[in-house]
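With the sequences and hints as input, model every part of the structure.
There are 4 protein chains.
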Amino acid sequence: MAGWDWNFELTQHSFPLRVYYEDTDFSGVVYHASYLRFLERGRTEFIRACGIDQQKLHRETGVYFVVRRMEIDWIKPALMDDELVVETAPATLRGASMILSQRILRGDEVLTTAEVVVAILKDGRPTRLPDSFRAAFGPS
Amino acid sequence: MAGWDWNFELTQHSFPLRVYYEDTDFSGVVYHASYLRFLERGRTEFIRACGIDQQKLHRETGVYFVVRRMEIDWIKPALMDDELVVETAPATLRGASMILSQRILRGDEVLTTAEVVVAILKDGRPTRLPDSFRAAFGPS
Amino acid sequence: MAGWDWNFELTQHSFPLRVYYEDTDFSGVVYHASYLRFLERGRTEFIRACGIDQQKLHRETGVYFVVRRMEIDWIKPALMDDELVVETAPATLRGASMILSQRILRGDEVLTTAEVVVAILKDGRPTRLPDSFRAAFGPS
Amino acid sequence: MAGWDWNFELTQHSFPLRVYYEDTDFSGVVYHASYLRFLERGRTEFIRACGIDQQKLHRETGVYFVVRRMEIDWIKPALMDDELVVETAPATLRGASMILSQRILRGDEVLTTAEVVVAILKDGRPTRLPDSFRAAFGPS
Numbered sequence: 008m009a010g011w012d013w014n015f016e017l018t019q020h021s022f023p024l025r026v027y028y029e030d031t032d033f034s035g036v037v038y039h040a041s042y043l044r045f046l047e048r049g050r051t052e053f054i055r056a057c058g059i060d061q062q063k064l065h066r067e068t069g070v071y072f073v074v075r076r077m078e079i080d081w082i083k084p085a086l087m088d089d090e091l092v093v094e095t096a097p098a099t100l101r102g103a104s105m106i107l108s109q110r111i112l113r114g115d116e117v118l119t120t121a122e123v124v125v126a127i128l129k130d131g132r133p134t135r136l137p138d139s140f141r142a143a144f145g146p147s
Numbered sequence: 008m009a010g011w012d013w014n015f016e017l018t019q020h021s022f023p024l025r026v027y028y029e030d031t032d033f034s035g036v037v038y039h040a041s042y043l044r045f046l047e048r049g050r051t052e053f054i055r056a057c058g059i060d061q062q063k064l065h066r067e068t069g070v071y072f073v074v075r076r077m078e079i080d081w082i083k084p085a086l087m088d089d090e091l092v093v094e095t096a097p098a099t100l101r102g103a104s105m106i107l108s109q110r111i112l113r114g115d116e117v118l119t120t121a122e123v124v125v126a127i128l129k130d131g132r133p134t135r136l137p138d139s140f141r142a143a144f145g146p147s
Numbered sequence: 008m009a010g011w012d013w014n015f016e017l018t019q020h021s022f023p024l025r026v027y028y029e030d031t032d033f034s035g036v037v038y039h040a041s042y043l044r045f046l047e048r049g050r051t052e053f054i055r056a057c058g059i060d061q062q063k064l065h066r067e068t069g070v071y072f073v074v075r076r077m078e079i080d081w082i083k084p085a086l087m088d089d090e091l092v093v094e095t096a097p098a099t100l101r102g103a104s105m106i107l108s109q110r111i112l113r114g115d116e117v118l119t120t121a122e123v124v125v126a127i128l129k130d131g132r133p134t135r136l137p138d139s140f141r142a143a144f145g146p147s
Numbered sequence: 008m009a010g011w012d013w014n015f016e017l018t019q020h021s022f023p024l025r026v027y028y029e030d031t032d033f034s035g036v037v038y039h040a041s042y043l044r045f046l047e048r049g050r051t052e053f054i055r056a057c058g059i060d061q062q063k064l065h066r067e068t069g070v071y072f073v074v075r076r077m078e079i080d081w082i083k084p085a086l087m088d089d090e091l092v093v094e095t096a097p098a099t100l101r102g103a104s105m106i107l108s109q110r111i112l113r114g115d116e117v118l119t120t121a122e123v124v125v126a127i128l129k130d131g132r133p134t135r136l137p138d139s140f141r142a143a144f145g146p147s
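Residue numbers (the numbering used here), protein chains in the order written: chain A, 8 to 147; chain B, 8 to 147; chain C, 8 to 147; chain D, 8 to 147.
These aren't lab readings, by the way, just hints derived from the structure by calculation. Just so you know, not all the hints are guaranteed correct.
Chain copies aren't distinguished; within one or between two, either way the pair holds.
Derived DMTMM-like pairs (lysine to aspartate or glutamate); straight-line CA-CA distance at most 25 Å [claimed, not checked]: (1) Lys83 x Asp115; (2) Lys83 x Glu29; (3) Lys129 x Asp88; (4) Lys63 x Asp130; (5) Lys83 x Glu122; (6) Lys129 x Glu94; (7) Lys63 x Glu116; (8) Lys63 x Glu78; (9) Lys63 x Asp138; (10) Lys63 x Asp80; (11) Lys83 x Asp138; (12) Lys129 x Asp80; (13) Lys63 x Asp89; (14) Lys83 x Asp130; (15) Lys83 x Glu116; (16) Lys129 x Asp89; (17) Lys63 x Glu52; (18) Lys129 x Glu52; (19) Lys129 x Glu29; (20) Lys129 x Glu116; (21) Lys63 x Glu29; (22) Lys83 x Glu94.
Right, dumping it as structure tokens:
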């Protein structure tokens, strides 16, 4: 519904990364929780690409982001030395949260998909994103 | 349905752990992906408590476990020095997968809940858990 | 020199831990940086065993500890499921730093040794440990 | 002694990286063991830049690298969002080991320095690097 859900200016963001020793486990492939670190790097760079400085946002307004919920599917494993891409496609900006659709790819192969609910908080309570920052995510 | 879903012998497993520096991030609380490391420790100890030696299972039968899907809710943050408990309650043992319900608690407070789908694989393909090990999870 | 170096009350501290998936890498053994996480857990528990609450220390006096230097030798690898012990033997408490000798063992085997210099800081500058806490480390 | 120590073709290698949430701890700065992950990424990229494919090396010759010893000084802390550079300067290639000098910088500031001894192993025993790969590190 117009005026309820916000569309993001940046409809698709891609962030490349490399797999290192630290990301793998003794099964020979990437450790399952490492993908969450990759997804978080992708979200951080997506927010930066929107023109939002998270530290400045927190310093000036007290507002910060917290991951509240995730549905994640590990489809194929990534391997040492792999070059991956984290795609972040913003789905919805609600009053005090946003939903992001993320994927981790190796070339054309989709290795992981995740739907991530990020809460917008101030002093530990849900809050609206300040308008000046809200604009970064695009028009209503 | 009887004969389809298996009940686990061990209906509830609790694993205590402590939060250290390594688990936290600069926001002051535990990093969101650290909870997945905690949950994995809980699953490893649950399987060990069932009498299954994962390395022996793999060596003798080629069978191993892989996390395939997770729905996770981060409800309240854990803090440095916290003493937590990871609860693992097996829900279902299917042909080639099992579903585990997990919670992370601090005293009576539920901090995190997760429903975890674990695939049973051999040479990268779904397989039945060998009967000798299957027995460890209890009668049909 | 007597009166310069302080002896610690607790001359040897042992902390047990288990190796999990998260600690290993695709080479099949524990990732080299994971041993630093193990050593840090050992130091945290050593300081706790001395009766010092690091968070209270920081809150009441502004004082905190920072690792400044480490000489570390990786001698033999630890493996998945290993039960290890981190030994922490305080060597010296100087004005604004302490030196700790640490070892990681699997049974009688020494896997890792480290000499760790920990600085005592307040507002980012070297400081003396407050006497009330200093007492926890034993008589001069 | 000439003919004993080898000089590396690549006398200085720089690798840029960004600090993310995962790298920090609740003290507000980068966790001390995270710097070892950064240094390891730098060494991996240094070896790749020398034209050596570590996985191919292991597959074709059974040879692999292991960190044996490190002297590391943490001088100044890195912060969330920092853009860092890992410098890797090979010092010496001996019979069955090499010594690397590494630094982590933020602009002109040196945050961390490390001298790292890397062993060259085959079946768990010290070995000479095969000549075909040895050439990658430069002339004798």
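Hints, one by one, checked against the model:
Proximity of Lys83 to Asp115 under the C-alpha cut-off of 25 Å is restricted to the intra-copy arrangement: shortest distance 12 Å within a copy versus 37 Å between copies. Taking the closest pair of Cα atoms, Lys83 and Glu29 come within 25 Å of each other both inside a single copy (19 Å) and across two copies (19 Å). In this assembly of identical chains, Lys129 and Asp88 lie within 25 Å of each other by CA distance solely across copies; the values are 21 Å between and 39 Å within a copy. In the homo-oligomer, the alpha carbons of Lys63 and Asp130 lie at most 25 Å apart both inside one protomer (16 Å) and across protomers (22 Å), since each shortest distance falls under that limit.
Proximity of Lys83 and Glu122 under a CA criterion of 25 Å is satisfied in both settings, with 17 Å inside one chain copy and 20 Å between copies. Proximity of Lys129 to Glu94 under the C-alpha cut-off of 25 Å is found in neither arrangement, the shortest distances being 27 Å within a copy and 30 Å between copies. Taking the shortest Cα distances, Lys63 and Glu116 sit within 25 Å of each other only across copies (23 Å), while inside one copy they are farther apart (36 Å). Proximity of Lys63 to Glu78 under the C-alpha cut-off of 25 Å is found in neither arrangement, the shortest distances being 29 Å within a copy and 32 Å between copies.
For the identical chains of this complex, Lys63 and Asp138 are intra-copy neighbours only, at 15 Å inside a copy versus 39 Å across copies, given an alpha-carbon limit of 25 Å. Proximity of Lys63 and Asp80 under a CA criterion of 25 Å is satisfied in neither setting, with 33 Å inside one chain copy and 27 Å between copies. Taking the shortest Cα distances, Lys83 and Asp138 never come within 25 Å of each other, neither inside one copy (40 Å) nor across copies (27 Å). In this assembly of identical chains, the alpha carbons of Lys129 and Asp80 lie at most 25 Å apart only when taken from different copies (19 Å versus 30 Å within one copy).
Taking the shortest alpha-carbon separations for Lys63 and Asp89, only the inter-copy value of 14 Å comes in at or below 25 Å, while the best intra-copy value is 34 Å. In this assembly of identical chains, the alpha carbons of Lys83 and Asp130 lie at most 25 Å apart only when taken from different copies (13 Å versus 39 Å within one copy). Proximity of Lys83 to Glu116 under the C-alpha cut-off of 25 Å is restricted to the intra-copy arrangement: shortest distance 8 Å within a copy versus 35 Å between copies. For the homomeric pair Lys129 and Asp89, the shortest alpha-carbon distance between copies (23 Å) is at most 25 Å, but the shortest distance inside one copy (38 Å) is not.
In this homomeric assembly, Lys63 and Glu52 come within 25 Å of each other (Cα to Cα) only inside a single copy, at 15 Å, whereas the closest approach across copies is 33 Å. In this assembly of identical chains, the alpha carbons of Lys129 and Glu52 lie at most 25 Å apart only when taken from the same copy (22 Å versus 33 Å across copies). In this assembly of identical chains, the alpha carbons of Lys129 and Glu29 lie at most 25 Å apart only when taken from different copies (22 Å versus 33 Å within one copy). In this assembly of identical chains, the alpha carbons of Lys129 and Glu116 lie at most 25 Å apart only when taken from different copies (22 Å versus 38 Å within one copy).
Within a single copy, Lys63 and Glu29 get their C-alpha atoms only as close as 30 Å, which misses the 25 Å cut-off; across copies the closest is 19 Å, which meets it. Only within a single protomer do Lys83 and Glu94 lie at most 25 Å apart by alpha-carbon distance; the minimum there is 16 Å, versus 28 Å between protomers.
Checked against the numbered hints given earlier, this structure breaks hints 6, 8, 10 and 11; the rest are met.
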